[in-house]
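These protein sequences, in sequence, are chains G and L. Those letters in the first sequence? Residues 115 to 466, per this note's numbering, in order. Those letters in the second sequence? Residues 115 to 466, per this note's numbering, in order.
It should be emphasised that the hints constitute simulated quantities derived from the structure, not laboratory data. The reader is advised that the hints may include incorrect statements.
As the list makes no split between identical chains, a pair holds if one copy fits it or if it spans any two.
[Unchecked claim] For lysine to aspartate or glutamate, the following EDC-like pairs were computed, each having C-alpha atoms within a straight-line distance of at most 20 Å:
| # | residue 1 | residue 2 |
| --- | --- | --- |
| 1 | Lys316 | Asp425 |
| 2 | Lys340 | Glu312 |
| 3 | Lys244 | Glu276 |
| 4 | Lys224 | Glu276 |
| 5 | Lys421 | Asp395 |
| 6 | Lys237 | Glu330 |
Protein chains: 2
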Amino acid sequence: MERLEEILRQIEPIDPTWSRRAQERLDDLTKPRGSLGRLEECAQRYVAAARTMDPGELWPTVIVFAADHGVTDEGVSAYPKEVTHQMVLNFLAGGAGINVLAAQVPAEVKVVDVGVAHDFPEKPGLIGRKIAPGTDNMVLGPAMSRAQAVQSILVGADLAAEAAEAGCRLLAPGEMGIGNTTAASAVTAVLTGHSVAEVTGKGTGLDEPGLKHKIEVIQRAISVNKPDADDPLDVLHKVGGFELGAIAGLILEACARRVPVVMDGFISTAGALIAHRLHPDVAGYLFAAHRSVEPGHQAALDDLAIKPLLDLGMRLGEGTGAALGFMLIRASLAVLNEMATFSSAGVTDRTD
Amino acid sequence: MERLEEILRQIEPIDPTWSRRAQERLDDLTKPRGSLGRLEECAQRYVAAARTMDPGELWPTVIVFAADHGVTDEGVSAYPKEVTHQMVLNFLAGGAGINVLAAQVPAEVKVVDVGVAHDFPEKPGLIGRKIAPGTDNMVLGPAMSRAQAVQSILVGADLAAEAAEAGCRLLAPGEMGIGNTTAASAVTAVLTGHSVAEVTGKGTGLDEPGLKHKIEVIQRAISVNKPDADDPLDVLHKVGGFELGAIAGLILEACARRVPVVMDGFISTAGALIAHRLHPDVAGYLFAAHRSVEPGHQAALDDLAIKPLLDLGMRLGEGTGAALGFMLIRASLAVLNEMATFSSAGVTDRTD
Numbered sequence: 115m116e117r118l119e120e121i122l123r124q125i126e127p128i129d130p131t132w133s134r135r136a137q138e139r140l141d142d143l144t145k146p147r148g149s150l151g152r153l154e155e156c157a158q159r160y161v162a163a164a165r166t167m168d169p170g171e172l173w174p175t176v177i178v179f180a181a182d183h184g185v186t187d188e189g190v191s192a193y194p195k196e197v198t199h200q201m202v203l204n205f206l207a208g209g210a211g212i213n214v215l216a217a218q219v220p221a222e223v224k225v226v227d228v229g230v231a232h233d234f235p236e237k238p239g240l241i242g243r244k245i246a247p248g249t250d251n252m253v254l255g256p257a258m259s260r261a262q263a264v265q266s267i268l269v270g271a272d273l274a275a276e277a278a279e280a281g282c283r284l285l286a287p288g289e290m291g292i293g294n295t296t297a298a299s300a301v302t303a304v305l306t307g308h309s310v311a312e313v314t315g316k317g318t319g320l321d322e323p324g325l326k327h328k329i330e331v332i333q334r335a336i337s338v339n340k341p342d343a344d345d346p347l348d349v350l351h352k353v354g355g356f357e358l359g360a361i362a363g364l365i366l367e368a369c370a371r372r373v374p375v376v377m378d379g380f381i382s383t384a385g386a387l388i389a390h391r392l393h394p395d396v397a398g399y400l401f402a403a404h405r406s407v408e409p410g411h412q413a414a415l416d417d418l419a420i421k422p423l424l425d426l427g428m429r430l431g432e433g434t435g436a437a438l439g440f441m442l443i444r445a446s447l448a449v450l451n452e453m454a455t456f457s458s459a460g461v462t463d464r465t466d
Numbered sequence: 115m116e117r118l119e120e121i122l123r124q125i126e127p128i129d130p131t132w133s134r135r136a137q138e139r140l141d142d143l144t145k146p147r148g149s150l151g152r153l154e155e156c157a158q159r160y161v162a163a164a165r166t167m168d169p170g171e172l173w174p175t176v177i178v179f180a181a182d183h184g185v186t187d188e189g190v191s192a193y194p195k196e197v198t199h200q201m202v203l204n205f206l207a208g209g210a211g212i213n214v215l216a217a218q219v220p221a222e223v224k225v226v227d228v229g230v231a232h233d234f235p236e237k238p239g240l241i242g243r244k245i246a247p248g249t250d251n252m253v254l255g256p257a258m259s260r261a262q263a264v265q266s267i268l269v270g271a272d273l274a275a276e277a278a279e280a281g282c283r284l285l286a287p288g289e290m291g292i293g294n295t296t297a298a299s300a301v302t303a304v305l306t307g308h309s310v311a312e313v314t315g316k317g318t319g320l321d322e323p324g325l326k327h328k329i330e331v332i333q334r335a336i337s338v339n340k341p342d343a344d345d346p347l348d349v350l351h352k353v354g355g356f357e358l359g360a361i362a363g364l365i366l367e368a369c370a371r372r373v374p375v376v377m378d379g380f381i382s383t384a385g386a387l388i389a390h391r392l393h394p395d396v397a398g399y400l401f402a403a404h405r406s407v408e409p410g411h412q413a414a415l416d417d418l419a420i421k422p423l424l425d426l427g428m429r430l431g432e433g434t435g436a437a438l439g440f441m442l443i444r445a446s447l448a449v450l451n452e453m454a455t456f457s458s459a460g461v462t463d464r465t466d
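Here chain G stands alone, though its shape is the one from the complex (with noise of 0.2 Å):
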């Protein structure tokens, strides 16, 4: 604990006076008044979070935690639960969705094993972080202890550490686990008092029975292990996921490194909620990059009072919107340190 303690101790507020340099300079660019829209919006927001109007080289990075659900026990998945280790090869292999689309930022991605059930053979570029094959099945008992909710959350602070000494500025979680939106949709119930059912989906894909059952193991879940709402670290042990807490810490130490955070989906802005409840000051930090079809993302969203910058339909997870949302904010930190002023350009500025 002592760790998240001090991490948790280094986070400040983000800087409005920073925003407001960023919006002065924004106003002497040779194009009207806000006529930038959101893309103005959100390089005021990199630059309050980072502290600096020009960031040089962005190093953007995608870091991939995968992690099984004992919960997939009780059939809330379209898919088996092996995919999550396949998945993670087909990821080394480059040949996921987050491969492709992080080749066009591009960004870096990394692959970590931070809760797999199954024994990975020595694999060139899986940082091995297991904490156990997979969480225990939530209708059962909770999910995990609280010492390994503890320590799912350093996983993510220390793989966010390495990722800004490396000279990242722009990071992303992403994910993979088959059943993963089970413990994302507990962990958004509670924690912003919707009701299950306004905040469980189709996930990969059930059908309605399926969506029906899933919500059903869910409220379970949530009546055999009674996580108390007011203590993220007890909801996240006992209905959440190792993934969801590695995201949290990752989050909480790139806000102490002051390196903005965009979120990809329902996921990863789960384990944004979890973040926020351990320290207020972290939504500053966050973009939202696309509003998923998950019907919890959108509540999480509301609860963080972030606006996501895309809407595509998307619902891969893995970090792919994340990807995209990256294009953006690199390209409104272009806008910002690149564009001619009114003055320099010799363009006459309107007259009132």
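We have chain G; now place chain L onto it with these hints.
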């Protein structure tokens, strides 16, 4: 007219067989079916228009058509007329929004003087195709002659042909011209049947009285010229602009060559309306990069039945939104062509 008729004869409907082929491939990739949402739709749309699954390097190109508008004599813009030529110089110096955002893609930017009211000295990089030093004031009579309207279309067609010959497989029109939202609103009102008030906005930043005046000016121009909504050339020459003609021509030639076109905002979509009225098969080749805050933009998009990809509150023009759209479309083709399939990656597909 002969050249224009030749272009129109070459335009064929998009091919749904290619769209289905793309869908089949997308469904075999290692992701839940449909989980990349509108990115999948983009890939399908591109493939159906270009009739290839893998176009290779796209060499995305924005062709910025700059022109002045006689109607600025009526005080319809927040910026003075000289800003058009000043911004052309800014484009050539690389300091404008479109330069910075195109560099992010990266995409080529070409700058065409199709009717700026300024004598440019010989300028490296400036493509001189001036039809006249600005249109005439449309409240006093036609903005241009019918022959000039055809000429402006052919300027756009020539530039599209050159880009395609140079290897471009994704094209966007951009524009610069103080007063051009006035012409775009006039064209959109006439071609869609909406009232002028419904399709007229504040452009670069008019206040409420300024907007009211702009609406009255457009209404006067339409009542003076009586453009025939069933004759797109009549509409273009009476209440259009040289850049609107060039945009229409760019689109028509691109369609004839099966090069998909990304519309930026209101001006390029108004140009697309003209192209669409000249040939109904045009719509299938078009992408709408974003939803501009100009109210006429949504009306024009609805008319073409095309849904924008982004909604970022942008209203700069120049092609800036299209540059962001390039990134998404290129990403969608990377997904289609670079992701692993379930069988190639050894990932278990769902069993239903």
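Results for each hint:
1. Lys316 to Asp425: within (18 Å within a copy, 26 Å between copies)
2. Lys340 to Glu312: Within one copy only: 19 Å inside a chain, 55 Å across chains, cut-off 20 Å.
3. Lys244 to Glu276: Close inside one copy (17 Å), not across copies (56 Å); limit 20 Å.
4. Lys224 to Glu276: Within one copy only: 11 Å inside a chain, 42 Å across chains, cut-off 20 Å.
5. Lys421 to Asp395: within (17 Å within a copy, 37 Å between copies)
6. Lys237 to Glu330: Result: close neither inside a copy nor across copies, 38 Å intra and 70 Å inter.
When the structure is compared with the earlier hints, a violation turns up for hint 6 alone.
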